[in-house]
Amino acid sequence: MDRPLTHHIQPDKQPLSLKKYEKQGGYQAVQKALRDFDPVDLQNHVKEAGLKGRGGAGFNTGLKWSFVPMGDDAPRPKYLVANADEMEPGTFKDRLLMESNPHLFLEGIILSAYAIGAEKSYIFLRWAYHLSKKNLEKAIAGAYENNYLGENIQGSGFNLDLHIHISAGRYICGEETALLNALEGKRANPRAKPPFPQTSGLWGKPTIVQNVETLANVPGIVNNGINWYKDISNSEEDGGTKLYGVSGKVKNPGLWELPMGTTSREIIEEHAGGMQDGLKLNGWLPGGASTDFMVEEHLDVPMDYGSVMEIGSRLGTGTMIVLDDQTCPVGMIENLEHFFAQESCGWCTPCRDGLPWTEKILHAIEHGEGKMEDLDQLARHSKWLGPGKTYCALAPGAVEPLQSGLKYFREDFERHINEQRCPWS
Amino acid sequence: MLSPEEKHEIDEELKHLPYKESAAIDALKIVQNHRGWVTDEALDDVGEYLDMSPDALDSIATFYNLIFRKPVGEHVIRICDSVSCYLTGYENLRDAITKKLGIKLGGTTEDNKFTFLPIQCLGTCDHAPAMMIDDELYRDLTPEKLDEIFAQYK
Ligand SMILES: Cc1cc2nc3c(=O)[nH]c(=O)nc-3n(C[C@H](O)[C@H](O)[C@H](O)COP(=O)(O)O)c2cc1C
Ligand code: SF4
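Protein sequence lines correspond, in order, to chains A and B.
If you read the first sequence in my numbering, its first letter stands for residue 2, the second for the next number, and so on.
If you read the second sequence in my numbering, its first letter stands for residue 91, the second for the next number, and so on.
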């Protein structure tokens with residue numbers, strides 16, 4: 002099985018030196034693209050391969066690039082920003098790539114910057130990732146020394162500068178327009194769209210923001226082509242492999258690179274080893290805190306963007322959070338809404354006021370003080386904070402586990418209210 | 091007044107940025123690094139250097155959870171309270187730390203050695219529950235492991 006994202010990763014997780022990475026075929030994709038591809042050809046190539054954004058939204062990457070103004074009269078500088086904020090609860094995939102395979106990530110940045118004609122790029126890195134920072138700094142220094150970054154890269158005439166920005170915290174910084182404000186040194190409130198960053202982003206210039214894992218997919222596509230990329234996937238529509246993760250009370254929590262479209266059953270039962278002894282699977286969030294619960298009947302759904310959407314959830318980041326039968330679902334949802342209420346940036350009223358309200362109601366139910374009407378109130382909030390009602394996607398994401406929790410764990414909510422206590426405590 | 095080191099570090103950041111104000115967050119982090127937290131005086135100092143009002147800087151400082159506008163202890167303990175750590179028992183860990191140090195979340199020990207804060211998901215969920223002390227990450231934690239960890243900060 003091909004594992005383009007992780008095959009360079011050694012058992013001890015130490016990153017390869019630049020020389021060793023080159024020996025294993027590293028930076029061949031940069032050489033090839035600069036030699037054989039026009040930037041717009043590269044955009045089309047990645048579009049056709051079917052690479053979709055791994056940061057959660059699943060938008061076609063090459064298509065996004067095609068909105069960037071190209072040609073001599075395009076505004077300059079253009080920017081390529083790597084979103085390495087990874088603060089979605091339950092998500093731990095970009096960390097592995099940056100700590101253990103930094104050159105692949107850099108190669109992805111260089112290729113993507115070339116495709117949109119960007120001359121400046123930033124890695125927006127969360128503070129907590131100290132080892133990522135250390136390993137990236139070393140890799141970047143090596144890339145400059147070997148002229149994969151800097152001026153006239155490999156004699157092609159293409160220039161690229163790369164700088165790491167360390168975030169000062171807050172989940173909202175991962176939202177791409179909030180991230181741009183943070184990079185500009187401002188409060189990280191999201192911006193109105195349109196204009197989209199592709200035409201007016203960082204300091205008003207054309208900008209592409211891309212997730213770490215997305216960028217790490219690009220070298221493989223360049224090296225091996227569109228058909229290969231489609232072939233290594235199990236999905237009808239989406240290409241490539243995916244870093245799937247599992248956390249919670251399973252036997253073997255972890256992260257695995259598997260064909261896109263692998264089922265939850267295979268991921269949870271085979272790779273994560275199933276539930277810990279004495280526990281049963283009660284449900285799972287398929288891709289981070291802001292995705293709708295999936296339950297037993299969904300075990301055989303292929304984990305790709307379209308299939309998970311069809312059953313009313315989202316693939317999100319592909320890192321699953323597993324709920325066992327001895328943990329209270331209401332308590333888990335209260336924990337999630339506490340996070341979202343705290344992380345609301347406060348810009349728009351439904352989110353700023355609505356999320357703390359849901360947290361309060363959930364807290365009351367969990368502590369034996371709930372009323373049946375509370376469930377209607379929670380259901381109403383799920384609608385009021387849904388897509389299109391708020392300034393950015395934080396609030397709609399926040400209510401995904403809530404609305405699906407109300408659907409799949411209704412009886413558990415009702416038992417809390419009828420018994421005026423948490424049946425699990 | 092900014093110290094020469096603080097100025098130098100801010101200048102390094104400015105090299106990568108087209109406008110002075112763009113360095114606001116970096117500059118706040120830099121003075122915090124040197125002074126422990128961002129005092130009112132620090133806002134004045136940074137403001138003067140970046141041509142910004144202290145109020146504008148304060149609105150930025152108070153937005154970000156890693157910038158302190160109040161003093162903290164010598165070491166900052168950050169325990170993850172997000173969902174994967176919730177599922178794997180962060181509450182027991184939190185209570186054990188509270189018992190050990192005599193402070194609740196948000197508190198600082200009397201000897202000013204530790205401040206105890208919650209933090210969002212640390213991105214190490216397959217090794218939950220987790221916490222950080224300053225820049226050091228601790229994972230796969232149980233209350234039993236705490237004595238050994240805290241012994242390093244004596
Ligand atoms: C509240 C919020 C937080 C987000 N956090 C992240 C993040 O930490 N990392 C990330 O790559 N995308 C995050 N996103 C998605 C980004 O807005 C954006 O869609 C993504 O970086 C685009 O890259 P991709 O197309 O490669 O996925 C977040 C979105 C929202 C609404
Ligand atoms: S939805 Fe929430 S996070 Fe997004 S802009 Fe509104 S208040 Fe801010």
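These are calculated hints, taken from the structure and not from any lab test.
Keep in mind that a hint or two might mislead.
Listed below are the simulated EDC-like cross-link pairs for lysine to aspartate or glutamate, each with C-alpha atoms no more than 16 Å apart in a straight line [to be verified]:
1) Lys105(B) - Glu185(A)
2) Lys134(A) - Glu226(B)
3) Lys252(A) - Asp225(B)
4) Lys187(A) - Glu111(B)
5) Lys187(A) - Asp230(B)
6) Lys187(A) - Asp148(B)
7) Lys110(B) - Asp162(A)
8) Lys235(B) - Asp201(B)
9) Lys105(B) - Asp39(A)
10) Lys135(A) - Asp148(B)
11) Lys135(A) - Glu226(B)
12) Lys187(A) - Asp145(B)
13) Lys160(B) - Asp141(B)
14) Lys134(A) - Asp225(B)
All of these numbers come straight from a predicted model, not from anything done at the bench.
Outcome of the hint check:
| no. | hint | verdict |
| --- | --- | --- |
| 1 | Lys105(B) - Glu185(A) | holds, 14 Å |
| 2 | Lys134(A) - Glu226(B) | holds, 13 Å |
| 3 | Lys252(A) - Asp225(B) | violated, 29 Å |
| 4 | Lys187(A) - Glu111(B) | holds, 8 Å |
| 5 | Lys187(A) - Asp230(B) | violated, 36 Å |
| 6 | Lys187(A) - Asp148(B) | holds, 11 Å |
| 7 | Lys110(B) - Asp162(A) | violated, 19 Å |
| 8 | Lys235(B) - Asp201(B) | violated, 23 Å |
| 9 | Lys105(B) - Asp39(A) | violated, 31 Å |
| 10 | Lys135(A) - Asp148(B) | violated, 30 Å |
| 11 | Lys135(A) - Glu226(B) | holds, 13 Å |
| 12 | Lys187(A) - Asp145(B) | holds, 13 Å |
| 13 | Lys160(B) - Asp141(B) | violated, 24 Å |
| 14 | Lys134(A) - Asp225(B) | holds, 12 Å |
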